[in-house]
Structures are given as C-alpha cells and as structure tokens.
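*Asks:* Using the sequences and the accompanying hints, generate a full structural model.
If you read the protein sequences in the order shown, they are chains A and B.
End of the first sequence = 139 in the numbering used here, gap-free, step of one.
End of the second sequence = 213 in the numbering used here, gap-free, step of one.
If you're looking for bench data, these hints aren't it; they were derived computationally from the structure.
Check before you lean on any hint, since a few could be wrong.
As the list claims (entries may be wrong) - The list that follows gives simulated cross-link-like pairs (lysine-lysine, DSS-like), each with its CA atoms no further than 25 Å apart:
id : chain 1 : residue 1 : chain 2 : residue 2
1  : B       : Lys-187   : B       : Lys-141
2  : B       : Lys-165   : B       : Lys-206
3  : B       : Lys-199   : B       : Lys-187
4  : A       : Lys-7     : B       : Lys-187
5  : B       : Lys-187   : A       : Lys-12
6  : B       : Lys-213   : B       : Lys-141
7  : B       : Lys-155   : B       : Lys-187
8  : B       : Lys-199   : B       : Lys-155
9  : B       : Lys-212   : A       : Lys-12
Stated by the list, open to error - If you anchor each label on the Cβ, the simulated ranges turn out as follows:
id : chain 1 : residue 1 : chain 2 : residue 2 : range
10 : A       : Asp-10    : B       : Pro-164   : 40 to 48 Å
11 : B       : Met-173   : A       : Thr-104   : 20 to 28 Å
12 : B       : Pro-154   : A       : Gly-54    : 45 to 53 Å
13 : A       : Gln-49    : B       : Gly-159   : 55 to 63 Å
14 : B       : Asp-161   : A       : Asp-10    : 34 to 42 Å
15 : B       : Glu-156   : A       : Thr-46    : 51 to 59 Å
The C-beta atom is built at its ideal place from N, Cα and C for all residues, glycine as well.
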Amino acid sequence: MKPADLKLEDIKVGDSASFERSFSEADVVTFATLSGDTNPLHTDETYAQATKFGRRIVHGMLVGSLVSRFVGMHIPGKRCLFLSESLSFKHPVFIGDALVVTGTVESVSRATRIVRITITIHKKTGEEAVHGIAEVQVL
Amino acid sequence: MKTFEHIAEEMLHIPKEKIGDDLTPKDVPDWDSMNYLLFIAELERAFKMSFSMDEVMNAKSLGDVRKIVEARKK
Numbered sequence: 001m002k003p004a005d006l007k008l009e010d011i012k013v014g015d016s017a018s019f020e021r022s023f024s025e026a027d028v029v030t031f032a033t034l035s036g037d038t039n040p041l042h043t044d045e046t047y048a049q050a051t052k053f054g055r056r057i058v059h060g061m062l063v064g065s066l067v068s069r070f071v072g073m074h075i076p077g078k079r080c081l082f083l084s085e086s087l088s089f090k091h092p093v094f095i096g097d098a099l100v101v102t103g104t105v106e107s108v109s110r111a112t113r114i115v116r117i118t119i120t121i122h123k124k125t126g127e128e129a130v131h132g133i134a135e136v137q138v139l
Numbered sequence: 140m141k142t143f144e145h146i147a148e149e150m151l152h153i154p155k156e157k158i159g160d161d162l163t164p165k166d167v168p169d170w171d172s173m174n175y176l177l178f179i180a181e182l183e184r185a186f187k188m189s190f191s192m193d194e195v196m197n198a199k200s201l202g203d204v205r206k207i208v209e210a211r212k213k
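*Replies:* Written out as structure tokens, the structure is:
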C-alpha cells in the first residue's frame with residue numbers, strides 16, 4: 001500500500017479516515033524484543049492469568065503505533081512530519097482483538113502547516129481502547 | 140478558557156512569573172522554531188483565529204504575538 005499524498009490545501013476540518021488491524025502473539029513478541037519491554041503482563045501467560053486481566057495484553061504503545069500508521073499513510077500520508085501525540089489507554093487490548101482506527105481532523109493551521117487529528121481506536125465489540133491527539137506538519 | 144499566558148506557559152515552558160512582552164527566543168530556551176509553530180497553532184485553536192504566514196514569520200517577541208491576537212479579538 002502506498003501512502004496517501006495529501007497537500008495542506010486538500011485537508012479540512014472534519015476529514016476522516018479509518019482502517020482495521022489486530023495484533024498476533026508474534027506481533028507482541030516482536031514489539032517486546034524491539035522495545036525491550038518484556039514485562040510479564042505482555043509476555044508471560046501464567047503471570048497474566050493471575051492478574052485482573054486474566055490473559056496477556058498487547059503493549060499500549062504497540063496499539064499506539066497505529067497512530068503513526070494513520071498519519072504516515074492516511075492523513076496526510078507521504079508529506080507527514082509527526083510532531084506530537086498524546087494517548088489515553090481506556091481499555092486493554094488482547095491478542096487477536098479486532099481494532100478500528102479512526103482519525104478526524106480537528107484543526108488545520110495554514111500559517112504553520114500544522115494539522116491536529118483526533119484519534120480513536122475502538123474494538124469491534126465497541127469498547128474504546130485508545131483515545132488520542134496527534135499533531136503533524138504537512139511538508 | 141485558556142489565556143494567552145496559559146498557552147505561552149504550556150507551549151513555550153515559560154514560568155508564569157517571567158512571562159512578558161519583551162521576551163524573545165533568545166530569552167526562552169524552549170522557544171525553538173517547532174515549539175513556536177505549535178504555540179501559534181494552539182493560539183489559533185484557543186482563540187478561533189488565524190495568523191497569516193507573514194505574521195508568523197515577522198513576530199519577533201511575545202509581545203508581537205500578543206498584539207496580533209488582541210487585534211483579532213477586536
């Protein structure tokens with residue numbers, strides 16, 4: 001898939017896009033290796049079963065990495081310079097959960113070329129897993 | 140509602156007691172080019188106004204930025 005190639009002039013408040021993703025056990029193991037976060041809540045099924053979650057959960061920042069995909073591939077895509085993001089983790093994401101990532105343009109600053117995007121990541125079952133704000137500059 | 144001072148404090152990390160119109164990037168360690176643009180974008184959102192590119196480029200001090208915001212409020 002090629003990234004979108006939106007120019008600043010193409011983007012307006014209210015524009016949105018979405019995509020779907022789920023994470024496999026291999027994804028979690030790979031992220032644990034890449035990040036060095038091998039916390040047993042993500043990597044040890046026996047440990048995780050004894051917690052209130054009852055099973056391993058996907059790293060919050062692995063789920064949050066979908067924000068990078070959103071801005072880098074969808075809005076604005078190719079011309080994106082990712083400036084900042086803030087995330088709130090509302091509900092745990094488990095291996096195999098089907099997620100829907102939706103981003104909606106909240107503001108567009110023509111003078112600074114900064115676009116602010118509200119991101120929500122919902123489970124297909126309806127729970128909101130992540131809510132966040134991303135700020136990008138359109139190059 | 141956020142004030143100009145709140146936004147300057149939040150985005151440029153200027154201690155509240157030091158905020159003044161004569162401040163320039165030389166006086167504020169975190170006033171770099173990107174934080175400045177984020178500051179401007181936050182002002183635009185908070186006050187529902189737009190800067191022009193010339194205004195962004197030509198403002199040299201915090202007071203210059205404040206004058207633009209106050210002119211738009213009138």
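*Asks:* Could you run down the list of hints and mark each one as holding or not?
*Replies:* Structure-based check of each hint:
1. B:Lys-187 x B:Lys-141: holds (12 Å)
2. B:Lys-165 x B:Lys-206: Since the Cα atoms of Lys-165 of chain B and Lys-206 of chain B sit roughly 20 Å apart, the hinted pair holds (cutoff 25 Å).
3. B:Lys-199 x B:Lys-187: Cα-Cα ~22 Å, so holds.
4. A:Lys-7 x B:Lys-187: Roughly 23 Å separates the two Cα atoms, so the pair holds.
5. B:Lys-187 x A:Lys-12: holds (15 Å)
6. B:Lys-213 x B:Lys-141: holds (18 Å)
7. B:Lys-155 x B:Lys-187: Between Lys-155 of chain B and Lys-187 of chain B the Cα gap is close to 23 Å, so the pair holds against 25 Å.
8. B:Lys-199 x B:Lys-155: holds (20 Å)
9. B:Lys-212 x A:Lys-12: Holds, at about 24 Å.
10. A:Asp-10 x B:Pro-164: 40 to 48 Å: violated (32 Å)
11. B:Met-173 x A:Thr-104: 20 to 28 Å: holds (24 Å)
12. B:Pro-154 x A:Gly-54: 45 to 53 Å: holds (47 Å)
13. A:Gln-49 x B:Gly-159: 55 to 63 Å: Once the Cβ atoms are compared, 58 Å apart, the range 55 to 63 Å for Gly-159 of chain B and Gln-49 of chain A holds.
14. B:Asp-161 x A:Asp-10: 34 to 42 Å: Since the Cβ atoms of Asp-161 of chain B and Asp-10 of chain A sit about 40 Å apart, the hinted range of 34 to 42 Å holds.
15. B:Glu-156 x A:Thr-46: 51 to 59 Å: holds (54 Å)
Hint compliance for this structure: hint 10 alone is broken.
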